[in-house]
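Take the sequences, apply the hints, and build the full model.
There are 2 protein chains.
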Amino acid sequence: MTAAAKPGDAVDAIDTPALVIDLDAMDRNIARMAAFAHQHGVRWRPHAKMHKSAALAQRLMAAGAVGACVQKTAEAEALAAGGVPDLYISNEVIAPAKLARVAALAHTLQLRGGRLAIAVDSALGVDRLTQALAGRTDAIDVFVEIDVGQGRCGVAPGPNAATLAQRIARSPALRLAGLQAYHGRAQHLRSADERRSAIAAVLQLVRDTHQAFADIGLPVPLVTGAGTGSMANEAASGVYGELQSGSFLFMDADYAANEADAAQPRFEHALFVKSQVISASARHAVCDAGHKSHAIDSGLPQVARPDGGVPWRYANGGDEHGLLHADDGQALPALGDTVWLIPGHCDPTVNLHDAMVGVRGGLVHGQVAELLPVDARGALR
Amino acid sequence: MTAAAKPGDAVDAIDTPALVIDLDAMDRNIARMAAFAHQHGVRWRPHAKMHKSAALAQRLMAAGAVGACVQKTAEAEALAAGGVPDLYISNEVIAPAKLARVAALAHTLQLRGGRLAIAVDSALGVDRLTQALAGRTDAIDVFVEIDVGQGRCGVAPGPNAATLAQRIARSPALRLAGLQAYHGRAQHLRSADERRSAIAAVLQLVRDTHQAFADIGLPVPLVTGAGTGSMANEAASGVYGELQSGSFLFMDADYAANEADAAQPRFEHALFVKSQVISASARHAVCDAGHKSHAIDSGLPQVARPDGGVPWRYANGGDEHGLLHADDGQALPALGDTVWLIPGHCDPTVNLHDAMVGVRGGLVHGQVAELLPVDARGALR
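Those protein sequence lines, which keep their order, are chains A and B.
1 is the number of the first residue of the first sequence in the numbering used here; add one for each residue after it.
1 is the number of the first residue of the second sequence in the numbering used here; add one for each residue after it.
One should not assume that every hint holds.
As the list claims (entries may be wrong) - Label-pair ranges, simulated between beta-carbon atoms:
{"no.": "1", "chain 1": "B", "residue 1": "R32", "chain 2": "A", "residue 2": "G8", "range": "47 to 57 Å"}
{"no.": "2", "chain 1": "B", "residue 1": "R175", "chain 2": "A", "residue 2": "G309", "range": "33 to 43 Å"}
{"no.": "3", "chain 1": "A", "residue 1": "A334", "chain 2": "B", "residue 2": "R266", "range": "42 to 52 Å"}
{"no.": "4", "chain 1": "A", "residue 1": "D327", "chain 2": "B", "residue 2": "P306", "range": "47 to 57 Å"}
{"no.": "5", "chain 1": "B", "residue 1": "Q39", "chain 2": "A", "residue 2": "G83", "range": "55 to 65 Å"}
{"no.": "6", "chain 1": "A", "residue 1": "D208", "chain 2": "B", "residue 2": "G8", "range": "49 to 59 Å"}
{"no.": "7", "chain 1": "A", "residue 1": "D307", "chain 2": "B", "residue 2": "G8", "range": "51 to 61 Å"}
{"no.": "8", "chain 1": "B", "residue 1": "R360", "chain 2": "A", "residue 2": "D208", "range": "44 to 54 Å"}
{"no.": "9", "chain 1": "B", "residue 1": "G8", "chain 2": "A", "residue 2": "G135", "range": "20 to 30 Å"}
{"no.": "10", "chain 1": "B", "residue 1": "A97", "chain 2": "A", "residue 2": "G309", "range": "51 to 61 Å"}
{"no.": "11", "chain 1": "A", "residue 1": "R360", "chain 2": "B", "residue 2": "Q39", "range": "24 to 34 Å"}
In short, the hints are calculated from the structure, not lab data.
On a predicted model such as this, the values are computed, not experimentally measured, just so you know.
Where is the CB? At the ideal position from N, CA and C, for every residue including glycine.
Dropping the structure here:
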C-alpha cells in the first residue's frame, strides 16, 4: 500500500485519509503519565491493544513503563517480533493451538531476558496452560482475572478466585502473579464521582479476594488493572500495583467527554484522522473519511480546527465518506480542503490503519517526523 | 500474522476469530446473480469495496461480471496488482497526487488491454483529471455522478449534470461514459414497496438528466448504479445498463433484515466470523470476537447455529469480546465451544481481516478449500 507520507514532508502533503499523531502532544501525555505513576509509586504497563506499535511500546518503556499489555496472542507475537521484551496477555486463551504459541513465545522472551505473563479465569484455562508449558524449564506468570463489575470475563471475587489461584500455585509450570482486576465500563462513566464510586466498589472486591487468598495461605504479589478514565482512583488506592491505562497516549473524543478528575493529569488529543473534501454542495461538504477510516462504536469523530476556525459538525456518510455541516453563518470547507477528525475511540481506529504518520511542529505548519507501522494491526488471534 | 488455517484443515481446526466464507453458498449466490443480470439484459460490475479480493473479482468476471467497482484509488491499485483488468472508481478523487496515480494506473491497465473509469461531480474534478492525464494517448471513461437522493456526493440531476458532462466531453483526455446514479440509503429501506418507491423517484431524476443531456446534444452511453437491496427495480427499469451490487455475494444480517422482493433472487449468508468461547459463567459465555473482528455500524452480529441449535443472543463485549446469552431453558455454549457469527455489515467487516478462509462442505463437517487474501484491506487512499 502506498504510504501516506514520508519523513520531511509538510503536513499539507500527507495523503488522505491518514492517521496522524501529533508527537509533541503525545510526548507531553507520556511525561504526564510517567510523573503521575512515579508520584503514586505504581508501575505502569500501558495497554498496547490501543496503539499496536512496537516502537511506541518501547518508547513508553524508555519513559518508565515496565512493559506492555496485550489482549491477543498474535498481538504479543507482533510486539515481541518488534523487540518489546515484557508482555502481558491480559485476557483468556483457551485453544490448545494458541496456548502452544503462548508457550513458545514465553520461551523466546525468556531467552532474551524478557517475560510473558497471562490471565486466566477457569480451571480448564489453568490445566491447558499447564499442559502447553509441560517440559519447559521456566514457569510463567499467571494472573487470576476477577470480575469486578465489568460483567464480562473473570472468576467471581473472593473464595472462587482463591480456589483458582491454588490450582495455579500447584502447577509446576505456572507462577501465581496476582490479580487482574479491570472494570472497563467504569472508565466511561461521565462524572468523576461516579467513577470514584465504581472503583470504591472494585477495591472492596479486590480486598475481599486478598483476604480469601490469605485464608488459604496464598500471596497476592500484584494487582493489575485500571484505565485512562478511572486511574486516579486505582493509583491512590494502595491496592493496585500496576496501571494498564493505554488511551492517555492519544486520548479520543469519548474519553475527552468524561468530566475531568482533578486528581489525574489532563491529557491532550494526539491522534487525528486527516481527511480531504472530495465533494461539495451548498448544503454540505463530503470528506474522504468514513467508518473504514475511524471506528464509530463510541460515537462519531469530532472535527478539530487546528487553524482556529469554528469546528464543522461531522455526520456519518458510510464506510468511505463523512458529511460536514456548518453552523449558521459559518462557511463550509471547500473542495480539496483538509478536515481534521478526532476519533471517537482510538483503539479500533488505529486497527484500521497500516501506519501512523508522526508529525512534529503542529498540524498547521508542522512536518512529518516518522512513520509508525501498526505492527499488530488485525492481530486478532 | 499467523494464518487461521491451511487448505485441507477441518473447519473445526480454523483458529479464531477468523472470517470464513461458505464457498458453496457463495457460488450459489453468484449463479443467482448471473442469471438475474442475464434475464434483465444488464451488465453487472459488483462492488469490490465489499470483498476487496482480486481473486473474487476475477471469479465474478468468470461468471459474467464486466469488471469491478472500487471506491478508492488504492483499492484499484491493489486489485489491478492482483490481475483484475477492468476497474471503475465510483467515487470522486480531487487530490492531484492521487489523480497522478489514477492516470498511471489507467495507462497500465490500457497497456494490458483493460481499462480504468472514474466518477466526477465537480468542474474542479474534471479539470484536475484532465491535467493529470495530459500527454497520455488514451482517454479514460468518466461518469457524471448525480445525487439521486442519497444526499452525499453527486451534482444535481438535470441541467447541472449536463453542464458538467459538456466539460468532460470537451476535454481531450476524457470520454463521457454516462451517469453514476446510486442511492445507497434506498438499499436499506425495509419494505420492498419503500425501495420500489425510492427507486421510482431515482428513475425520474435519471430520465430528467437524460433529457438535459439530449437538450445539448450529449449522449448517455450508460447508467450505472444499484445495490443488493434495490436492484430488482433498477434492473427492470430499462434505464440502468449496469448494476453495482456487491453484497449479494456474502449477504449480511442487515440486508437479510430487508423484506424480500419477489422480483429478486434470494441470497444466502455466505460470510461468517468463527469465534470461540474463552470465558464462561452461569449467566453468560464470552467469545473472542468483538468489534475488532466485525463491524457494528449496521448492528451487532447475529449468531448462526449450523448445527441446528437454538441461536444464542450476541451482546457487545467491546473491541475483543462478545457476550452470549441463551433464551430461558436453553444451554449456553461451553468453554472452548465454537460460535458462528453473521456480521451486521459485510464491507467494513472484511476490511478488518487479512484473509478470508474459504470452506467447502458446510460449517459443521466441511474443510478449508483455500485462503483468500483481502488484497485491498485498509486501502483507504
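Here is how each hint holds up against the structure:
| no. | hint | result |
| --- | --- | --- |
| 1 | B:R32 <-> A:G8: 47 to 57 Å | 53 Å, holds |
| 2 | B:R175 <-> A:G309: 33 to 43 Å | 40 Å, holds |
| 3 | A:A334 <-> B:R266: 42 to 52 Å | 46 Å, holds |
| 4 | A:D327 <-> B:P306: 47 to 57 Å | 51 Å, holds |
| 5 | B:Q39 <-> A:G83: 55 to 65 Å | 59 Å, holds |
| 6 | A:D208 <-> B:G8: 49 to 59 Å | 51 Å, holds |
| 7 | A:D307 <-> B:G8: 51 to 61 Å | 57 Å, holds |
| 8 | B:R360 <-> A:D208: 44 to 54 Å | 52 Å, holds |
| 9 | B:G8 <-> A:G135: 20 to 30 Å | 29 Å, holds |
| 10 | B:A97 <-> A:G309: 51 to 61 Å | 24 Å, violated |
| 11 | A:R360 <-> B:Q39: 24 to 34 Å | 60 Å, violated |
The structure fails to meet hints 10 and 11 from the earlier list, while all remaining hints are met.
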